[in-house]
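Colleague: All chains, please: the whole structure from these sequences, using the hints.
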Amino acid sequence: MTDMIVADHLVKDFGQKRAVDNVSLTVKRGEVLGFLGPNGAGKSTTMKMLTGFLRPSAGRASIAGYDVATAAMSARKVLGYLPEGAPLYPDMTPWSLLHFCAEVRNLPSDLRQKRIIESIERTNLQSVVMQPIDTLSKGFKRRVGLAQALLHDPEVLILDEPTDGLDPNQKHEVRELIREIAPNKAIIISTHILEEVDAICSRAVIIADGKVIADGAPGQLAERSPLFNALSVVLPNEKVSQALSILEAQDQVQEVRSQTLADGLIKLIVVPVRGKLILSIVTNCLSEEKLDIVSIRPEATALEDLFRQLTVSSDKREAA
Amino acid sequence: MGALYTVAKREFAGYFATPIAAIFLVIFLAVSAAFTFFVGYFLERGNADLQVFFNFHPWLYLFFAPALSMRLWAEERRQGTIELFLTLPIPLWAAVLGKFLAAWLFLGLALSLTFPMWMTVNILGQPDNGVILASYLASFLMAGGYLAIGSCLSAATKNQVIAFVLTVTVAFIFTAGGAGFLTDLISEFVGKAVLDTIADISILPHFNQIVKGVIAFKDLVYFIALIAAWLLAAMAVIDYKKAG
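Chains as they are written, first to last, in this note's numbering: chain P, 285 to 604; chain A, 2 to 245.
For the record, the hints were derived by calculation from the structure and aren't laboratory data.
Careful: at least some of the hints might be erroneous.
Said to hold, decoys possible - Which bits of chain A does chain P cover? Going by a derived footprint, with three or more residues having C-beta under 8 Å, they are:
# : stretch
1 : 85 to 92
2 : 110 to 118
Said to hold, decoys possible - If we take Cβ atoms under 8 Å as the criterion, some of the chain P residues that face chain A in the derived model are:
#  : residue
3  : D292
4  : V295
5  : K296
6  : F298
7  : G336
8  : F337
9  : L338
10 : A342
11 : R344
12 : R360
13 : K361
14 : P371
15 : L372
16 : Y373
17 : W379
18 : C385
The model shown is predicted, which means the values in this text are computed figures rather than measured ones.
A virtual CB, placed ideally from N, CA and C, is assigned to each residue, including glycine.
Modeller: Right, here's the structure in full:
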């Protein structure tokens, strides 16, 4: 299996500032890579270099085996790209824009109409195809940008924040769409929504200060967080001290953190000793007492926690 | 070739998507007529030719051409659409040439709408229509020269006002370099060789030759070279800007 997207030691300097620092990654067909990082970490700059829009200060990039600098035309033909902020020609309608792209991409005329209609339907643009893009809402604009990227059924997709500005239903639709087309393509999406990475990505890369600081399956990355396999227990305020003393007495429990919720409820996050599963222990020991427990569920923020740990510490390093 | 045509078509249609086209055409025609009649005394001269009409064209284009060319690249950069445009499979030469051709065609359209002037002289007298045709060709070629300069300078900035001012300035230097008042002024200080060089690279002497009805090979080559050089410079600027 060939590497469909390759970043090979990419470096980008803007004046004195190093925006991207030695980023290497590869994406294979069938993979969806989630590109994570705080704002200004270098996600978009890396993507611009991958598409050939920006020339790297050092390193090289290739799409489907074509070097984006020396075989730019071949690389661009197999690439669908949604640039940061989904820039589009404001005076055009989605219909005329898609027509323009189809013509530039040299789609055979019998196929052209079909592809345009397909991508309009996939992104639910039917109601606005004849309106100037200028007059569309942010969500519609984003979807026009997405329709343009999907138009030629490209093998490689690079999508810079594809769900930004969409409402929850639209976000869901776009994720479903990406999931649906993923098996035959190599896809990079950038996002700062971590649940999105959990939902659709087979791999997550976290970048901060222009450097890759974590790379792995979302599950694997989550394992690196102390919150991996943690439980959250919600119970009334007055029962907290009792619950705490029981939980902290357990060998398998590393730590208990508490958060105040509304309505006099407290959420206890029970962190296990590394590598331990504590669900049965916690439920057993808590059910022996009358603690009026509202809920016990797995704490699903491990990836978010890791993200914060890795990126906040790098922010602090910079400040220091 | 397909990409070139598609780019030019989209750009050309772009002028008509907004009131730009209508406003431009109306003002262009009004100003060119006003110059001819009120400043050039077209009727009072009593000559059946369009000499005064064409004599004003270099100065007319000095402002109208930059007004058309300023948006070509600067607007793409400001809107961010340049990122979409330059990652589509369009060769850079086709992108630059396509945009230029759209602007050139549009200015050609404006020029061709001055045909009532031509009809007027034919009603009033018996002009040399060959000379008039040559003059139209000269005017069109000169328009291309200005637009090529404007393409390059528009690619250098994301601010259309800056693009406009830069283009007017550079175009003025290229035009006035051959204008009588300027050559008279500097002829006291520099030798004939320098004067000839300035005349060789400036627009006016070449334009004036063709307007007289003398279509010389060297003047045609001059305009084509002028356009080609500035478009190549535009490509170089866009490529340079890829470095961020």
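Colleague: It remains to establish, for every hint, whether it holds in the given structure.
Modeller: Hints, one by one, checked against the model:
As drawn, the stretch 85 to 92 of chain A meets chain P at 7 residues by the rule of a beta-carbon pair under 8 Å; at three or more, the given contact holds. Coverage of the stretch 110 to 118 of chain A by chain P is violated [criterion: at least 3 residues with CB-CB distance below 8 Å; count 0]. With 8 Å as the threshold, the beta carbon of D292(P) stays out of range of chain A, its nearest partner Cβ sitting at about 18 Å, so the hint is violated. Interface hint at V295(P): violated, since its Cβ lies 12 Å from the closest Cβ of chain A, which is beyond the 8 Å cut-off.
Look at K296(P): its Cβ gets to within about 7 Å of chain A, closer than 8 Å, so that hint holds up. Hint on F298(P) holds. Least Cβ distance to chain A is approximately 6 Å, under the 8 Å limit. Hint status for G336(P) relative to chain A: holds, with the closest Cβ pair at about 7 Å, below 8 Å. Because the beta carbon of F337(P) sits about 5 Å from the nearest beta carbon in chain A, less than 8 Å, this interface hint is met.
Given hint, L338(P) at the interface with chain A, holds; its Cβ is 5 Å from that chain's nearest Cβ, closer than 8 Å. Evaluation of the A342(P) hint against chain A yields a violated restraint, the C-beta minimum of about 12 Å exceeding 8 Å. Because the smallest distance between the Cβ of R344(P) and any Cβ of chain A comes to about 14 Å, over 8 Å, the interface hint for this residue is violated. Interface hint at R360(P): satisfied, since its Cβ lies 4 Å from the closest Cβ of chain A, which is below the 8 Å cut-off.
Of the supplied interface hints, the one on K361(P) holds, with its beta-carbon coming within about 5 Å of a beta-carbon of chain A, less than 8 Å. At its closest, the beta carbon of P371(P) sits 3 Å from a beta carbon of chain A; the interface hint therefore holds under the 8 Å criterion. The interface hint given for L372(P) holds, since its Cβ lies 7 Å from the closest Cβ of chain A, which is under the 8 Å cut-off. With a least beta-carbon distance of about 6 Å to chain A, the hint placing Y373(P) at the interface is held under the 8 Å criterion.
Hint on W379(P) is violated. Least Cβ distance to chain A is approximately 13 Å, over the 8 Å limit. Of the supplied interface hints, the one on C385(P) holds, with its beta-carbon coming within about 7 Å of a beta-carbon of chain A, less than 8 Å.
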